[in-house]
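Enquirer: The chain contents come next:
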Amino acid sequence: MPKVTIDGKTIEVADGTTILQAARMLGKEVAPPAMCFYTNLKTSGGYCRTCLVKVSKGSDKDPRPMPKLVASCRTPIMDGMEVQNNTSPEVIDARKGVVEFLLINHPLDCPVCDQAGECHLQDLSYENGSAKTRTEFERRTFNKIEIGNKIQLHMTRCILCYRCVKVAEQITDGRVHGVINRGDHSEISTYIEEVIDNDFSGNVIDVCPVGALTDKTFRFKSRVWFTKPMSAHRTCDKCSGKVTLWYQGDEVLRTTGRKDQWGEVEEFICNTCRFDKKLTSDWTIEGPTIVDKHSVISANHYEGMIIPNELTLNDIKKLPLLEKNTDGNTEF
Amino acid sequence: MQLTNRSKVIAKKEMSFMERLYIPAILGGLAITIKHLFKKKVSLRYPEVTRAFAPVYRGMHVLKRDELGRENCTACGLCAVACPAEAITMDAAERKSGEENLYREEKYAAKYEINMLRCIFCGLCEEACPKDAIYLTDRIVPSEYKRNSFIYGKDILVEKVDERIDVSKRKNEYSILN
Ligand code: SF4
Ligand code: SF4
Ligand code: SF4
Ligand code: SF4
Ligand code: FES
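If you read the protein sequences in the order shown, they are chains A and B. Count the first sequence with numbering that gives the first Met the number 0 and you get residues 0 to 331, in order. Count the second sequence with numbering that gives the first Met the number 0 and you get residues 0 to 177, in order.
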């Protein structure tokens, strides 16, 4: 099995694994961000360029570095490959540029946007972007499109990651929306605003990394951080029936698929589960969903958050940040 | 047993005759009282006289409108999540066509309440607000008879179109900080 070293950490992975997948196996610290790649969607990835990494050694056989930064979600690993992600200033700089490009036309109306708080673009620009904008021209805007009576498409916020198109292609039969026009004029559009009436069309909401495709039944109802996620399931003949219910008080405001730590849904759910079953009695509640303690969702006194283990003095001494001074004592 | 080395042994000695008379001590006390009659008073005769507030005084909130009289608040919930006292609640609603002169953004706060009994006037809501909507002012929250009356809704918080509340001093304070 080929070996790959990412940011100094080595892992052995199966043939054909991409750099991004290998990095995710190594953990959050080394995994590059991804806006368009989606594990469950074939041929996704390669559009947004947020996952750029530097390959400083191609492989054991051909140790030359790759001439340019590569999109890690589309580059399979080779035996002996060495990759730099966060350790390379070049990558950090390029990522900052990519964020700037993604935001060139983005309205950043997060206070209004229903995605705020669970938006990948927010996280990405917070972590990698600059706080200033260097452009002055008008941002492009679009009218909102209703895709059926449950889904709303607000193209102004779209970053053209193609995930929704892949969902429509792969999960639903006969897709009726796609990307039209080219370059700066590209937009996601439906065929003459045709209603998508497919049992799985609602999944475009979950895959959309930004607030371009949103649930109309949740529109402006609340903010993500005022709702409490609960894992729940029901017997459904169309899908696995495993969902996350977003509660405010006793009321289910929204139902989504269960997302893993990379923000990708584990199993796609059907529209009946998503839009029609909004009563606690429809579901078997498994318990609170575990929310990362850095997430704003846990800011609202969410009980399910993980409490970190207490550090002992020995653990603290082992932390890499603290340098030992000459007589071997740790300096604080 | 001595618990700490800060304890002092107190000698209980007999009072002298002068001390037992108490008159010098009483006169000393009177002298202090009389001295204060001639000092500058530290209190004010409120409400006839009011004290000048510092520009950073944090009193009752105001929800601002923009120059066109539209409400700035978009019910984003950031003030409520920032509030350490959990004093703020709100309900959002979507702006209908024809209401563009009332609300600045497509979403607005249909209900916005601050529980003044919970509020600790820390000003974090003001700092969290991305829309320049909420400010603390130098107005004092008046006393009330019922606890319910302390829950201030939009009727009290939103400034009237013709009676704007000046918050430029607080804005200046922020610009010095930033
Ligand atoms: S999509 Fe994300 S970044 Fe864009 S406005 Fe919505 S929350 Fe903000
Ligand atoms: S609508 Fe969302 S999922 Fe579809 S391309 Fe745009 S950003 Fe991606
Ligand atoms: S001043 Fe502080 S306590 Fe009062 S409402 Fe604002 S954030 Fe809450
Ligand atoms: S006052 Fe400001 S922070 Fe609070 S909901 Fe309104 S816009 Fe958001
Ligand atoms: S995630 Fe790799 S290019 Fe978008």
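If you are wondering where the hints come from, they were derived from the structure by calculation, not from laboratory data. We put the beta carbon where it would ideally sit given N, CA and C, even for glycine. One should not assume that every hint holds.
Below, simulated BS3-like cross-link-like pairs (lysine-lysine); rule was C-alpha separation at most 27 Å, straight line [stated by the list, open to error]:
id	chain 1	residue 1	chain 2	residue 2
1	B	Lys170	A	Lys149
2	B	Lys95	A	Lys220
3	B	Lys170	A	Lys131
4	A	Lys143	B	Lys95
5	A	Lys292	A	Lys95
6	B	Lys130	B	Lys63
7	A	Lys227	A	Lys258
8	A	Lys143	B	Lys34
9	B	Lys168	A	Lys215
10	A	Lys131	B	Lys130
11	B	Lys130	A	Lys220
12	B	Lys95	A	Lys131
13	A	Lys277	B	Lys110
14	A	Lys143	B	Lys110
15	B	Lys110	A	Lys220
16	B	Lys63	A	Lys95
17	A	Lys149	B	Lys95
From chain B, some residues computed to sit far from chain A (all C-beta separations above 10 Å) [stated by the list, open to error]:
id	residue
18	Pro46
19	Val80
20	Lys106
Enquirer: Checking each numbered hint in turn, tell me which of them this model violates, lowest number first.
Expert: 1, 8, 9, 12, 16, 19, 20
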